[in-house]
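Work out the full structure, taking the sequences as your base and the hints as a guide.
Sequence order for the protein chains is H and D.
Read in order, the letters of the first sequence correspond to residues 1 to 164 in our numbering.
Read in order, the letters of the second sequence correspond to residues 1 to 550 in our numbering.
What the hints contain is simulated information worked out from the structure, not anything from laboratory work.
Values in this document were obtained by computation on a predicted structure and should not be read as measured data.
Every residue gets a Cβ at the ideal spot worked out from N, C-alpha and C, and that includes glycine.
Treat the hints with caution; some may be incorrect.
Examples of chain H residues lying across from chain D (beta carbon under 7 angstroms, computed) [what the hints assert, rightly or not]:
#1 Ser81
#2 Gly83
#3 Arg90
#4 Cys119
#5 Glu132
#6 Ala157
One-sided excerpt, in silico: chain D residues whose CB lies under 10 angstroms from chain H [claimed, not checked]:
#7 Arg25
#8 Leu27
#9 Gln30
#10 Gln284
Residues per chain are reported as follows:
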Amino acid sequence: MVLVKGRAVVQDSWQHLEDGDPLPASGPVTISWARWTAERDMISRAPAELGIRIPNTVTTAEIGAEAAKFGLIAVHFPNFSDGRAFSQARVLRDRYGFTGEIRATGGVLRDQLLFMQRCGIDAFEMPERALEENWLAAFDEFDVFYQPAEDNRPWVARQRLGRN
Amino acid sequence: MYRYDEFDRRFLEERTAQYRDQVRRRLIGQLSEEEFRPLRLRNGLYLQLHAYMYRIAIPYGTLSPAQLRMLAHIARKYDKGYGHFTTRQNMQFNWIKLDETPDIMADLASVEMHSIQTSGNCIRNTTSDPFAGVTADEIEDPRPWCEIIRQWSTLHPEFSWLPRKFKIAVSASEKDRAAVHIHDIGLYIVKNDAGEVGFQVLVGGGLGRTPIMGKVLREFLPKKDLLSYLEAALRIYNEYGRRDNIYKARIKILVQALGIDKMREEVEAEWAQMDHTPLDLSDQTIAAIYEHFAPPAYPAPDAQGEATLATAIAADAKFARWVKHNTHPHKQPGYAIATVSLKPLGKPPGDITAEQLDLLAELSERYGFGEVRVTHEQNVVFPDIPRGALPVFYAEIAAAGMGTANIGLASDIIACPGLDYCSLANARSIPVAEKLGEHLAAREEEIGPMKIKISGCINACGHHHVGHIGILGVDKNGEEFYQITVGGSADEQSAVGTIVGRAVPSDEVNSAVDKLLDVYVKHRSDGEDLPATYRRIGAEPFKEAVYGAR
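This is the structure in structure tokens:
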């Protein structure tokens, strides 16, 4: 797997802890949703910068209220046809004003990158083979959009009124 | 009708280029079939029994002459010279080659057409009343709202990977000609007590394995709120709809599990928390879409028109019959809504040849205002024919094999493609429809309005559950059998039909249907259709007629 962020393959600066792993004193780490809900009080006191990996069955109301505690929220696509995390990401951005990284994990197709980006996902964990020639074009295949979304691209109904 | 602007045109060019590249990547092996499948499906391409099937969107059924001619061109160049109109107002071609599909898509784009979201677990083509804009009994033209929904739902970033497909229909008449109750979301345009026009929102209708009629989610939704409310409903579905079982993934199952009151609570709570502002429809935006659907400037009808029509009716019994069954009152005096039947006796329902498509294009220019509508009952409506021109119009379509006078009658059968084409089917639909139509034609005048619907499997593309008489193909140890239902209805009185008994072999379908019709004819009181008689007398007399007393 490689990590794509800001239209480039980047090094992952986060350490992803298994549920039994001790919390390090520093450095950004992600923990699972299950661990967070079980050890919330203890983990909150730890000094490390925190990220969380949420299953796509967690409601946005559950995670939303605490979203500001995290620098990264990893949303999960168990396979590419399961689109629940599109809604999770969008609500985190739109309703809860989450400004940290939202990372897509699991089954991510190159051809879904633009949908994901529009929903507010800004980092993508992808199989290396998905990065075939001209894969970056996936973000630019369209410049006409029929809905407002989290990416603030101009959209048609407003453009028709002469606004951006 | 709606005409593309620079944005729509550019968008379609971009989509075509994207798809062309996806096909290229598939052909050189960069995309596996598993990865390519959802991409091709979202562009209307299925892999069927013998070849690829390509489903083209006809938004709310409306076609221009240029579009009709393009469909004829596609039929000739890429298929076997004919196409098939579906129960969702779309067109399907059944003999398509994968490597030619990008070119077909480019051809379609040149006439402002596409195949986007005609398949896949996303928001499908929005359907409507084929008489929209020309019928006297509507509150307001529903087509602008279909177009607003079409645009909003096109490549929606959040709702393109739903648990299952999602179908929306809009109707604005007391008489429901759009089967609104069997859609995931159904919208009736209504007036509230204050005289404002808005929507009654239904949710959770659908056929398939679990036929359920839509329930009222909201009695009145102001126009400006349509899109934000739809987003709230879709979000609840996307988050909570089941994904573990394809047969339990439609929104109807979620509504059934939660109950309509809880569903309403969830949607309303979501809606209350959303920022509506970006999606609010301004009067200006609504008006700009409405402009596309402004009625034509109807010239005063020919003073001799009524006399010409009366003379022709008196002189030609076949024509008289066609006028009686295939025309409908128009809101403009001197004009008629004419329906061209694609159910000639002994032919597959909804099929049309390239030559017939070309002819319809020409006739729509000559006698109408350059527009036709495909119906979910698989026929073609000409919305604006001057009454005096009906005789010549009829002569032209009759000469091309499209003059069957059976709209709304027993031989106007809906049927899915069935096992002749479809990889999902358990049994054939087309031959059963052909034989039954031929068999019933002789007595259909006596029977009167009758809706017979045939599906080749439980997915119910032929809407058999809501046929006055429904026929479902089933497989029993490799043999085709047909299960018959009675009393279903797709109109404003919508109901799911009742199974009358064990499935029968194909050669007994005609006689079983005959017996059901005998019961109806014997028991009906004045003006009652079959579902009304059924509601009054119950299932027993029908069961007894087919299977004998118990």
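Status of the hints after comparison with the structure:
1. Ser81: holds (6 angstroms)
2. Gly83: Hint on Gly83 (chain H): holds, closest Cβ of chain D at ~3 angstroms, below 7 angstroms.
3. Arg90: Hint holds; Arg90 (chain H) Cβ to chain D Cβ min 5 angstroms, cut 7 angstroms.
4. Cys119: holds (5 angstroms)
5. Glu132: holds (5 angstroms)
6. Ala157: holds (6 angstroms)
7. Arg25: holds (7 angstroms)
8. Leu27: violated (14 angstroms)
9. Gln30: With a minimum Cβ separation of about 5 angstroms from chain H (threshold 10 angstroms), the hint on Gln30 (chain D) holds.
10. Gln284: holds (6 angstroms)
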